[in-house]
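Q: The listed protein sequences derive, respectively, from chains A and B.
Under my numbering, the residues of the first sequence are numbered 1 to 180, in order.
Under my numbering, the residues of the second sequence are numbered 1 to 591, in order.
Don't read these hints as lab results, they were simulated from the structure.
We treat Cβ as the ideally placed atom computed from N, Cα and C, and that holds for glycine.
Some hints here could point you the wrong way.
Taking CB as the label site, the calculated pair distances span [stated by the list, open to error]: (1) A:Ile132 with B:Asp118: 36 to 44 Å; (2) B:Val189 with A:Arg122: 47 to 55 Å; (3) A:Asn17 with B:Asp118: 37 to 45 Å; (4) B:Asp394 with A:Asn17: 39 to 47 Å; (5) A:Asn46 with B:Asp375: 24 to 32 Å; (6) A:Thr55 with B:Gln358: 56 to 64 Å; (7) B:Val189 with A:Asn46: 26 to 34 Å; (8) A:Glu178 with B:Gln27: 48 to 56 Å; (9) B:Gly127 with A:Glu54: 52 to 60 Å; (10) B:Ser369 with A:Gly44: 57 to 65 Å.
A few chain A residues facing chain B, derived, Cβ under 8 Å [said to hold, decoys possible]: (11) His14; (12) Asp15; (13) Pro16; (14) Asn28; (15) Gly42; (16) Gly44; (17) Glu48; (18) Gly70; (19) Thr71; (20) Met73; (21) Arg84; (22) Ile86; (23) Pro87; (24) Val88; (25) Tyr89.
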Amino acid sequence: MNQPASAYFLEERHDPNETHTLSVLVQNEPGVLARVIGLFSGRGYNIESLTVSETESQKHLSRVTIVTTGTPMVIEQIKHQLDRMIPVYSVVDMTLSGRSIERELAMVKVRGTGNHRVEALRLADAFRARVIDATIESFVFEITGNSAKINQFIDLMRPLGLVEVSRTGVAAIGRGPEGM
Amino acid sequence: MKDKSHDPNQMTGAAMIVRALIDHGVQHLFGYPGGAVLPIYDEIFQQSEVEHILVRHEQGAGHAAEGYARSTGKPGVVLVTSGPGATNMVTALTDALMDSIPLVCITGQVPTHLIGNDAFQECDTVGITRPCTKHNWLVRNVNDLAKVLHEAFYVATSGRPGPVVVDVPKDVQFAVGTYHPPRKSDVHVSYSPRVKGDAAQIRKAVALLASAKRPVIYTGGGVINSGREASKLLREFVEVTGFPITSTLMGLGAYPASGKNWLGMLGMHGTYEANMTMHDCDVMLCVGARFDDRITGRTDAFSPGSKKIHIDIDPSSINKNIRVDVPIIGDCGNVLGDLLQVFKAEAKRPDIKAWWQQIAQWRARNSLSYRKNNDIILPQYAIQRLFEATRGKDTYITTEVGQHQMWAAQFYGFEEPHRWMTSGGLGTMGYGLPAAVGVQVAHPDSLVIDIAGDASVQMTIQEMSTAVQYELPIKIFILNNQYMGMVRQWQQLLHGNRLSHSYTEALPDFVKLAEAYGCVGLQVLKPADLDGAIKEMIAIKRPVLFDCRVAALENCFPMIPSGKAHNEMLLPEEATDAATASAFAGGKALV
Numbered sequence: 001m002n003q004p005a006s007a008y009f010l011e012e013r014h015d016p017n018e019t020h021t022l023s024v025l026v027q028n029e030p031g032v033l034a035r036v037i038g039l040f041s042g043r044g045y046n047i048e049s050l051t052v053s054e055t056e057s058q059k060h061l062s063r064v065t066i067v068t069t070g071t072p073m074v075i076e077q078i079k080h081q082l083d084r085m086i087p088v089y090s091v092v093d094m095t096l097s098g099r100s101i102e103r104e105l106a107m108v109k110v111r112g113t114g115n116h117r118v119e120a121l122r123l124a125d126a127f128r129a130r131v132i133d134a135t136i137e138s139f140v141f142e143i144t145g146n147s148a149k150i151n152q153f154i155d156l157m158r159p160l161g162l163v164e165v166s167r168t169g170v171a172a173i174g175r176g177p178e179g180m
Numbered sequence: 001m002k003d004k005s006h007d008p009n010q011m012t013g014a015a016m017i018v019r020a021l022i023d024h025g026v027q028h029l030f031g032y033p034g035g036a037v038l039p040i041y042d043e044i045f046q047q048s049e050v051e052h053i054l055v056r057h058e059q060g061a062g063h064a065a066e067g068y069a070r071s072t073g074k075p076g077v078v079l080v081t082s083g084p085g086a087t088n089m090v091t092a093l094t095d096a097l098m099d100s101i102p103l104v105c106i107t108g109q110v111p112t113h114l115i116g117n118d119a120f121q122e123c124d125t126v127g128i129t130r131p132c133t134k135h136n137w138l139v140r141n142v143n144d145l146a147k148v149l150h151e152a153f154y155v156a157t158s159g160r161p162g163p164v165v166v167d168v169p170k171d172v173q174f175a176v177g178t179y180h181p182p183r184k185s186d187v188h189v190s191y192s193p194r195v196k197g198d199a200a201q202i203r204k205a206v207a208l209l210a211s212a213k214r215p216v217i218y219t220g221g222g223v224i225n226s227g228r229e230a231s232k233l234l235r236e237f238v239e240v241t242g243f244p245i246t247s248t249l250m251g252l253g254a255y256p257a258s259g260k261n262w263l264g265m266l267g268m269h270g271t272y273e274a275n276m277t278m279h280d281c282d283v284m285l286c287v288g289a290r291f292d293d294r295i296t297g298r299t300d301a302f303s304p305g306s307k308k309i310h311i312d313i314d315p316s317s318i319n320k321n322i323r324v325d326v327p328i329i330g331d332c333g334n335v336l337g338d339l340l341q342v343f344k345a346e347a348k349r350p351d352i353k354a355w356w357q358q359i360a361q362w363r364a365r366n367s368l369s370y371r372k373n374n375d376i377i378l379p380q381y382a383i384q385r386l387f388e389a390t391r392g393k394d395t396y397i398t399t400e401v402g403q404h405q406m407w408a409a410q411f412y413g414f415e416e417p418h419r420w421m422t423s424g425g426l427g428t429m430g431y432g433l434p435a436a437v438g439v440q441v442a443h444p445d446s447l448v449i450d451i452a453g454d455a456s457v458q459m460t461i462q463e464m465s466t467a468v469q470y471e472l473p474i475k476i477f478i479l480n481n482q483y484m485g486m487v488r489q490w491q492q493l494l495h496g497n498r499l500s501h502s503y504t505e506a507l508p509d510f511v512k513l514a515e516a517y518g519c520v521g522l523q524v525l526k527p528a529d530l531d532g533a534i535k536e537m538i539a540i541k542r543p544v545l546f547d548c549r550v551a552a553l554e555n556c557f558p559m560i561p562s563g564k565a566h567n568e569m570l571l572p573e574e575a576t577d578a579a580t581a582s583a584f585a586g587g588k589a590l591v
């Protein structure tokens, strides 16, 4: 009860946080990514993962996939705030649609010899990771899957000589014949 | 190859800018020259269709354009140079964004080959203004300029209005390209604000309204922004339903203060009856307002028993702070029209006699009362006298930010929309004086008064010089208490009366200052002299600085102590030291 006197209402909200994946179709023009990122930092929203690439070069369209967390009210705000930006065509909540596929690609460098090296290769095979670079004392694996699978693979590689990881972030698409 | 030398649409970028202004019906432009906009100023010099108003500081240009926009319903246009010209605009742009004011700001930029080079007077204008504009553009090719300018006007004025910035490098201003008049394809396909409300939602709203026992209409700046027709429809809707109506600071004037259903402003310094009505209502119709923290107080105790209908053109305003039951996305005027039509056709006005009796009891508390004083001018009294003296005249009021602003909102009765210009969302001290300049430019024969405080007015006082240069007879009515009154009030109520840096030890002599600027200074010390001096001020057809010395320690009541609910207001007669201390005790985090 010993809060300082303040001009602002320091109410804490206790709604549980949810994780949502949003697909955002934007006009690919200078500054558009800065607008999206600035919105998140300026309004205090979380970005867990963000993936951007041009998807239709003829129409100058890019697709941004954002994984974010927040209360249901905040998630709703994020969608509306994104949608009202001038270069944004549409925002789809892939999590809410319930019919989406999410994938991520990671490249995982592991260094080791002897049993560790053999074990790493065996696990990579079990996870369907491919070897895309090898030296006598190292591998680089390429693995694709949802984020949980990739996390699991990385955890397993850690005791086997994990050096570094590069991840693309999440890309998502809806199931079925319809586009977004 | 076609010879383009005689094509009238071939012109320099600078000429395109002036041409686009003319094509968009711009008559006045507020600005300040500098190196990176000289080609545009050269074009302005050689024409007479657009009149340029030279301000004394770029922020002044921004607020003047805001005042111009709000009093006319047209976009305000600003022209400033690169670097400091652009950064000085940031406050005005943010102000316009918060209050949804259409501004088109053209900034000069260093030549394209120098961008990113830390050139003289270079700054990342689009980067800096990205979060404080509705949209912005950097134009690197002269052939994109016409399209961008036309889109800028469209974006600023359509949907939820707001400020836009077009940043034009100097080489693009010199380059020759092809201009085209405005056309539909100039606008992003991805931008299409929704104007018409969903019919099913409107039916739902009407059913709710018709079944209400304790309804209230709560309106905001969106009604003003929607245009005069929206205010007309709102008045008719109140007439047809017989519902009580309150408004935010931004929405004053949409419904007349003399109207019988008017409850006064709501919120932190709103009337007791308005806030109690909001708290106890069973159906709330929110039109073009956004449930901001100054309105709601504690959100978990905000109007707990009501079904809420929310009309707003911006979907992001819906469910942002307060969950509503029937959201209607669309333009206020358009939706009000549909709502009225469906209500008339399908509903009967509910019997709310008992509700009005309850409201009459709240009204009887007379929450705006204050102790009269024959020796010292009380600020509330000064505003009341100013209101009486200007009643029925063609008057526009602007304000700065602070106690005087709240007293103006409480004690000046607004009968028409577009007559009240104040910085609501951002709370920008220094807004009112340049805004008055802008309003007077748009309405040269009207009475334009900036109700000011002694602290706020000094933030943009240099624009007196602009008023003198353009013979704009604005009246700066300063409630001078030598304090930053609202800061002092909060320090008294929240910080143990430790008046840390809220007293101005060395105020200028406003009368001499007025004379130094070449305008007229008046000073009043006694209540008995007030009416005469106000009359004199109004009669003077030149800019006037009116130094009205008021009680130094007067507080602005009623007040919802921060973090409290609408039914926990502190009323003036209850604001004894002990009651005030207990109302603000516990350090309950205050709004």
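Q: Which constraints among the numbered hints does this structure fail? Numbers only, ascending.
A: 4, 5, 9, 10, 11, 12, 13, 14, 16, 17, 18, 19
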